[in-house]
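**Student:** Protein sequence lines, in the order shown, are assigned to chains A and H.
Our numbering applies: residue 1 is where the first sequence begins, and numbers increase by one.
Our numbering applies: residue 1 is where the second sequence begins, and numbers increase by one.
Please keep in mind that the hints were generated in silico from the structure rather than gathered at the bench.
Heads up, some of the hints might be wrong.
Here are a few chain H residues that face chain A, going by a calculated C-beta distance under 7 angstroms [as the list claims (entries may be wrong)]: (1) Val128; (2) Gly237; (3) Pro281.
Cβ atoms here follow ideal geometry from the backbone N, Cα and C, with glycine treated the same way.
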Amino acid sequence: MKIRECGESMLLVELEPAIDPVINERAILLAARLRERGARGVRDVAPGYCTVGVHFDPLQTDLAALEHAIQMEYTAVEHVDAVADREPIEIAVRYGGDYGPDLAAVARHAGCSESDVIARHTQRTYRVYMLGFVPGFAYMGRVDPSIAVPRHRVPRGRVPAGSVGIAGGQTGVYPVESPGGWQLIGHTKQVMFNADRERPSLLTAGDLVRFVPVVAV
Amino acid sequence: MKLSALHVVKPGLLTTVQDLGRFGQQAAGVPVAGPMDAFSHRLANQLLGNVGDAATLEITLIGPEFEVETDTAMAIAGAQFEVTCDDRPVPIGASFTVRAGMRVKFGRLLQGARAYLAVADGIQTPPVLGSRATHLVSRMGGMHGRPLVAGDRVPIVGNTLPRTPRKTAGLTLPTKGRALLRVVPGPQDHWFEHDALKTIAGVSFRISPSSNRMGYRLQGPPLPRVHDAELISEPVGPGAIQVPAAGEPILLMADRQTAGGYPKIGHVISADLPLAGQLAPGDFIEFVLSTRQEAVAALIARERQLLRFADLRDAS
Numbered sequence: 001m002k003i004r005e006c007g008e009s010m011l012l013v014e015l016e017p018a019i020d021p022v023i024n025e026r027a028i029l030l031a032a033r034l035r036e037r038g039a040r041g042v043r044d045v046a047p048g049y050c051t052v053g054v055h056f057d058p059l060q061t062d063l064a065a066l067e068h069a070i071q072m073e074y075t076a077v078e079h080v081d082a083v084a085d086r087e088p089i090e091i092a093v094r095y096g097g098d099y100g101p102d103l104a105a106v107a108r109h110a111g112c113s114e115s116d117v118i119a120r121h122t123q124r125t126y127r128v129y130m131l132g133f134v135p136g137f138a139y140m141g142r143v144d145p146s147i148a149v150p151r152h153r154v155p156r157g158r159v160p161a162g163s164v165g166i167a168g169g170q171t172g173v174y175p176v177e178s179p180g181g182w183q184l185i186g187h188t189k190q191v192m193f194n195a196d197r198e199r200p201s202l203l204t205a206g207d208l209v210r211f212v213p214v215v216a217v
Numbered sequence: 001m002k003l004s005a006l007h008v009v010k011p012g013l014l015t016t017v018q019d020l021g022r023f024g025q026q027a028a029g030v031p032v033a034g035p036m037d038a039f040s041h042r043l044a045n046q047l048l049g050n051v052g053d054a055a056t057l058e059i060t061l062i063g064p065e066f067e068v069e070t071d072t073a074m075a076i077a078g079a080q081f082e083v084t085c086d087d088r089p090v091p092i093g094a095s096f097t098v099r100a101g102m103r104v105k106f107g108r109l110l111q112g113a114r115a116y117l118a119v120a121d122g123i124q125t126p127p128v129l130g131s132r133a134t135h136l137v138s139r140m141g142g143m144h145g146r147p148l149v150a151g152d153r154v155p156i157v158g159n160t161l162p163r164t165p166r167k168t169a170g171l172t173l174p175t176k177g178r179a180l181l182r183v184v185p186g187p188q189d190h191w192f193e194h195d196a197l198k199t200i201a202g203v204s205f206r207i208s209p210s211s212n213r214m215g216y217r218l219q220g221p222p223l224p225r226v227h228d229a230e231l232i233s234e235p236v237g238p239g240a241i242q243v244p245a246a247g248e249p250i251l252l253m254a255d256r257q258t259a260g261g262y263p264k265i266g267h268v269i270s271a272d273l274p275l276a277g278q279l280a281p282g283d284f285i286e287f288v289l290s291t292r293q294e295a296v297a298a299l300i301a302r303e304r305q306l307l308r309f310a311d312l313r314d315a316s
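If we strip away everything but chain H, and leave its shape as in the complex, we get:
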């Protein structure tokens, strides 16, 4: 396998290498990381026939520009950016062929917040503890644990075989910067006053500017607690809505720490986390109460959706 590269002309606001995450090391405090919208990440890979945990580039709000140094195939899923390849428009949610020397340029963002750029056979940065995902705070994985910078040469496989052109409808992106997210209560919902779950399900929370890949701080009504006890730090998982004693609830996202000491009123279901990943500071979240059964059914529906792409040769 001969390696080539994407030469980074402009890095964009926050472009990181991500795969499905670094599992198996949380006992050592190693965060999982991975894509904020795992669905679109997998879809981009699917469009190229890559395995689902092949590494992609997560592109945030302001997109990058690359010079591609080899013949390859690419696919972009997730946020709707205006993207060109040598000044010709490239569709989102479809695979396309790129020749050595071409420039792929992300322009205006039309909808959503994060796009995933997959290349044939995946980004080839060296795996760290079994994963290529970038965790920014611990500076681990991807391009030296940091976002891309101008001049980087992101390793990819050179001269890959042409891929069957495919397209897909993709994730239904949040409109007008609003997403409805389903929440399963617990494990500390009993720490809050009786109406807290109703409160959380009845209003809009605004994503504060001090939000990032670790979590979204949510501005909204207070969620009073029944008692003031301190929670002893315990392991946390994706989608946890943790509530500090006096302060904004925090929705834990991809770069969350492995443990936390705030009570959690509920968890956003995994099938809806990709929608959260398509929001940015200033956008709004509404929560609706859900159940484990619904969460699992929604996840199965997402899996089915992942397989629903069309062969472009048949789509004339």
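Next up, chain A with everything else stripped away, as it sits in the complex:
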């Protein structure tokens, strides 16, 4: 574990540089412990795949004490060697056609039929590694390697809210209309983020997700 300074207002805690459920679990637990600890001056704590960002007010924070707190909390999570068992959250998706304009291209790339792509996308349970890009956007993995199509070289200017996409080994849902380069294979009506809800984001880092196909009517 390394603690790196990002300017004078942020520390980045690096666990091991890997996309791995267990390391990600440690990062999520470490972030939660630091948030709970509420060290003086800390304004925000956010986990990445294998890192934790600690944002603080440098005029309110004793840096040595904060680094010590991080070390202490890390000892409580460094031996975690399994992910917590969770009930998967189901997301209903309409695949293909206008809902998933890139489904045919993904099928061509994978050398299979569109229904094979749907089957491969829906058979896995995905882990939410982190959120970012826009509020409620969850980076989920790992996608079946046969359909892990890279993102578009030139992003679309407008991707509708609810679009379900693939980018290499990752899959995700666009919570708001935004520009985006992911391969769009479907669409969900589920609201990924609503600031007025008690839990604004449908998904949290560490959640498990299954996509369930809906037959378009």
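Given chain A, put chain H in place with the hints provided.
**Tutor:** Below, chain H without anything else, positioned relative to chain A:
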């Protein structure tokens, strides 16, 4: 508290409601947003005796025109615009009283890029997740998550008590579209060739036209990397200078995403980010290497500067 409004006659190029930002939700991917020049934002509030995170209007390059629907006090800090209130000039960096029905009009921009218009007790758009800051990409906060448009009625507090007139020298704005920004190396400066930090500190970078509140794309010499590995996306903070494999470095500004996958050669110190906020596309940035100690000392100096305003009644 009775609400009144600023009626938007002309919205300007990009006028948004901002407070000091939306903290505590970055784990859910919620960006902080907030003012591009937080110093001038706070100063405008300070001139009115508002709390520092009261919401102001961030005014960009081409200013708006308002009809004020109540008696209130205002203060403008940051970029030097020619501003009038019912055709009489209004000073930048001083508080002034406005009567119901008066028109506040931003004219020519003389220096800087962004001005902050504070009103007594702050702009009263509803807070979203604890903040009134507008984040444009996620359409959150301020006036429905978007810049002001003609016809908007921006909520403010009606009939506020008169404020003690105050003035201040304000931020020393960049001249000739150039700013010198101090940079603390890291966290991935070791990903770049040995001379990259010298390169970055030795030249001028031009702010590309495809820059916005999220970040400034910087045109300049290449910054070769030692290796080609992909960085696994990680949380990012303000002032990060991230460098895509083949492309222009990006200085992350107020509307930055919460995480990013490009290595960061360094971070512009917080005390200098307000200067960056006073630049526009086509302007130039020069970087100079700095340290954490210097960054904190500079921030303390900024705090002192914030308190340095004069009472206009004593200034005759």
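**Student:** Does each hint fit the structure? Answer for all of them.
**Tutor:** A quick look at each hint next to the structure:
1. Val128: holds (5 angstroms)
2. Gly237: Where the cut-off is 7 angstroms and the nearest Cβ of chain A is about 4 angstroms from H:Gly237, the hint holds.
3. Pro281: Hint violated; H:Pro281 Cβ to chain A Cβ min 19 angstroms, cut 7 angstroms.
In summary, the structure is inconsistent with hint 3 from the numbered list given earlier, while agreeing with all the others.
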